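Number of protein chains: 2
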Amino acid sequence: MKAFYQDFQLGILGGGQLGRMLIQSCVNFDVFTAVLDPAADAACRHLASRFTQGSLTDFDTVYRFGKTVDQLTIEIENVNVEALFQLEREGLLVTPQPRVIEIIQDKRRQKQFYRDQGIPTADFVLVDGLADIARHTGFLPAFNKLGKGGYDGGGVRRLDTAADVGRGFDKPGLLEKAIDFDREISVIAARSASGEVAIFPPVECVFDPRYHLVDYLLSPSSAPATVLAKAEAVARQVVERFALVGLLAVEMFVTRDGEVLVNEVAPRPHNSGHQTLCANQVSQYEQHLRAILDLPLGDTALKSPSAMVNLLGAEGCSGDVYYEGLGAALAIPGVNLVLYGKKQTRPQRKMGHVTILDTDLSRLAAKVEQVKRTIRVASRTAG
Amino acid sequence: MKAFYQDFQLGILGGGQLGRMLIQSCVNFDVFTAVLDPAADAACRHLASRFTQGSLTDFDTVYRFGKTVDQLTIEIENVNVEALFQLEREGLLVTPQPRVIEIIQDKRRQKQFYRDQGIPTADFVLVDGLADIARHTGFLPAFNKLGKGGYDGGGVRRLDTAADVGRGFDKPGLLEKAIDFDREISVIAARSASGEVAIFPPVECVFDPRYHLVDYLLSPSSAPATVLAKAEAVARQVVERFALVGLLAVEMFVTRDGEVLVNEVAPRPHNSGHQTLCANQVSQYEQHLRAILDLPLGDTALKSPSAMVNLLGAEGCSGDVYYEGLGAALAIPGVNLVLYGKKQTRPQRKMGHVTILDTDLSRLAAKVEQVKRTIRVASRTAG
Chain H
370 MKAFYQDFQL GILGGGQLGR MLIQSCVNFD VFTAVLDPAA DAACRHLASR
420 FTQGSLTDFD TVYRFGKTVD QLTIEIENVN VEALFQLERE GLLVTPQPRV
470 IEIIQDKRRQ KQFYRDQGIP TADFVLVDGL ADIARHTGFL PAFNKLGKGG
520 YDGGGVRRLD TAADVGRGFD KPGLLEKAID FDREISVIAA RSASGEVAIF
570 PPVECVFDPR YHLVDYLLSP SSAPATVLAK AEAVARQVVE RFALVGLLAV
620 EMFVTRDGEV LVNEVAPRPH NSGHQTLCAN QVSQYEQHLR AILDLPLGDT
670 ALKSPSAMVN LLGAEGCSGD VYYEGLGAAL AIPGVNLVLY GKKQTRPQRK
720 MGHVTILDTD LSRLAAKVEQ VKRTIRVASR TAG
Chain E
370 MKAFYQDFQL GILGGGQLGR MLIQSCVNFD VFTAVLDPAA DAACRHLASR
420 FTQGSLTDFD TVYRFGKTVD QLTIEIENVN VEALFQLERE GLLVTPQPRV
470 IEIIQDKRRQ KQFYRDQGIP TADFVLVDGL ADIARHTGFL PAFNKLGKGG
520 YDGGGVRRLD TAADVGRGFD KPGLLEKAID FDREISVIAA RSASGEVAIF
570 PPVECVFDPR YHLVDYLLSP SSAPATVLAK AEAVARQVVE RFALVGLLAV
620 EMFVTRDGEV LVNEVAPRPH NSGHQTLCAN QVSQYEQHLR AILDLPLGDT
670 ALKSPSAMVN LLGAEGCSGD VYYEGLGAAL AIPGVNLVLY GKKQTRPQRK
720 MGHVTILDTD LSRLAAKVEQ VKRTIRVASR TAG
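Chains as they are written, first to last, in this note's numbering: chain H, 370 to 752; chain E, 370 to 752.
Be aware that a few hints might be false.
Which copy? The list can't say, so a pair holds if one copy fits it or any two copies do.
[Stated by the list, open to error] No more than 30 Å apart at the CA atoms, straight line, and that leaves these computed lysine-lysine pairs for BS3-like:
1) K540 <-> K599
2) K546 <-> K517
3) K712 <-> K546
4) K741 <-> K599
5) K719 <-> K672
6) K741 <-> K712
7) K517 <-> K719
8) K712 <-> K540
9) K741 <-> K540
10) K672 <-> K741
11) K672 <-> K599
12) K741 <-> K719
13) K599 <-> K546
Hints listed in this document are in silico derivations from the structure and should not be mistaken for laboratory results. Here the structure is a predicted model, which is why all the values come from computation and not from measurement.
All chains, please: the whole structure from these sequences, using the hints.
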């Protein structure tokens, strides 16, 4: 196992919280990590064995970084894929594979892939821009999604009627039928280079009915067993059709008649898998590492039901972070706190998360409310 | 909570595996760590926010290091306690407290403390050296323990009869009655500055009957409930009588008639608590951190029964470490691997550990055998 030799270096593109938690698994396996990230104060900066500040989308920067490591992985998919192809051609092991990242980076190609492979997904048409959208008003209501570059929720707009066409993107994208879904679930699949596949139990996004915002992630999902089995089968289908090496988070809609439709995927550890750190036999981070190092995959079984709450920067607070209420929150039995080491907060920035373990689901929901009321991600100057 | 301000620095005396796992908890709480250790290649070197190479037993080195941090803790008790007293007098928060470390460093004072406080422990007499031992041959069979400096098992010799006296230590120490014990258990207690106490479920050292060596640690102990309750009560008594702030590992003998006797204690995370990382609601490392930062203590309840196997350097292997069989071991369901990042192996050196989770105790024992047969801590040159 080459990874267990001392001179092995795993490169990670991206140095945010997902990379940070991945590095924590690398520490347990004594795997040397080298991280590339544009931010001088990246969450991984002080945890990586070696940190390089630089652009993830610049060919030369990614290529040069890749030449210094023995294997390359990602914690964000918005990276220069041409550099990854070049590195792969020159013999570097890049996992997940550039061809998979390239498809996933472009929502048009991603959707077309699902259609070609017979993977259930909401109906769609490809559009080149506003004029094209205007020709497809019969397809509305729909979501107009940008093909490329629509990260962090910025590349999606809902168009209900012909009157909304002007609010669409005048760039290559797609129109995706608005689905009247019952719930949103996420399934994390892993596939190793040897082709072994393991699927984490589906988790569910529980929405706050007052604000239509994700309130917390519930593991396992409360959907009927038939739906969960279908979701796991679809996740397996997607990861196998991609023949991906690594982790694939598959976000899905469950329709009112119990059908499962793939929404989007991410070829890396994912926000919907944080709870695996304490609630599952293996964490998604260690699983990613096992998959890319071609080790046997871990047991995905639950240790306990759990709820995961993101700690987001409070409205009106920017600057040096200060966490209010952590002590009080830690007094709640079953609370597991993970802060991401980001020094600067701003409204809605993901600064950490709390996973709550409890076998009683109503008590779990009550504890979620209690945690959300108790912790506030403030800025020091405001405190 | 001062610890959650960005300029707070927690100093840790000692940079071995216990410090390394403590730092992993500090990472989750975003607590800045500064480590002092004499070894240039200490396990913590690359994980600590700041690493200082230096002696732990030299007054000036410890004192100067202490002046650079906001709070000081330990991962090894063989440190210069006079420097800790001086730092405390100058206002530094030192946890555990120097007065507790000072008692525990000297086995004579430690035993006398148990006697004075009515804590059950094996009968003993203090001896000044060989001549004094010769005056107490009626007390044999007994263990002659050095008062100070007997670390890593080097300070204990068994004396069975008067003929053995010459094999004793000619230094201040004690004679401790040899106990005909049924089993050895360990209980980890935590006490916060506010006086909150929490006790981890007792774990048991399972010995290999062929070699009389510790084979693995079983959690929870299989001792009768009455014995376990007694052990937890004794651990609580010890940590409260010390009024210690932090973690206290209490090693105990269980006699054949079900009595519990304190053997030794360690005021820090302990080898017998590694399994808490994946098998308990809170880990001993996070619990230590919660205790010394005066946060509410975590829930010590089990998530699962477990067995913990130390990975020791193989006989005949020294130099650059190479782990044989890790891949095969990771294929066993429930195996959790933690390597300590030590670059050099030598026979019997603690290089990592494996915790196995399984609800079935006979399957757990079988998996222990399997792990021990599978993993070999070799050296690269030999491989």
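Against the structure, the hints come out as follows:
For the identical chains of this complex, K540 and K599 are neighbours neither inside a copy (35 Å) nor across copies (72 Å), given an alpha-carbon limit of 30 Å. Taking identical chains as interchangeable, the C-alpha atoms of K546 and K517 lie at most 30 Å apart only when both belong to the same chain, with a minimum of 19 Å there against 76 Å between chains. Within a single copy, K712 and K546 get their C-alpha atoms no closer than 40 Å, and across copies no closer than 56 Å, so neither meets the 30 Å cut-off. For the homomeric pair K741 and K599, neither the shortest alpha-carbon distance inside one copy (32 Å) nor that between copies (39 Å) is at most 30 Å.
Taking the shortest Cα distances, K719 and K672 sit within 30 Å of each other both inside one copy (26 Å) and across copies (28 Å). In this assembly of identical chains, the alpha carbons of K741 and K712 lie at most 30 Å apart only when taken from the same copy (21 Å versus 43 Å across copies). In this assembly of identical chains, K517 and K719 lie within 30 Å of each other by CA distance solely inside one copy; the values are 23 Å within and 50 Å between copies. In the homo-oligomer, the alpha carbons of K712 and K540 never lie at most 30 Å apart, since the shortest distance is 36 Å inside one protomer and 53 Å across protomers.
For the homomeric pair K741 and K540, neither the shortest alpha-carbon distance inside one copy (39 Å) nor that between copies (60 Å) is at most 30 Å. Taking the closest pair of Cα atoms, K672 and K741 come within 30 Å of each other both inside a single copy (24 Å) and across two copies (25 Å). When the C-alpha separation of K672 and K599 is checked against a cutoff of 30 Å, the pair qualifies both within a copy, at 22 Å, and between copies, at 29 Å. Taking the shortest alpha-carbon separations for K741 and K719, only the intra-copy value of 14 Å comes in at or below 30 Å, while the best inter-copy value is 42 Å.
For the homomeric pair K599 and K546, the shortest alpha-carbon distance inside one copy (21 Å) is at most 30 Å, but the shortest distance between copies (65 Å) is not.
Of the hints listed earlier, those the structure fails to meet are numbers 1, 3, 4, 8 and 9, in rising order.
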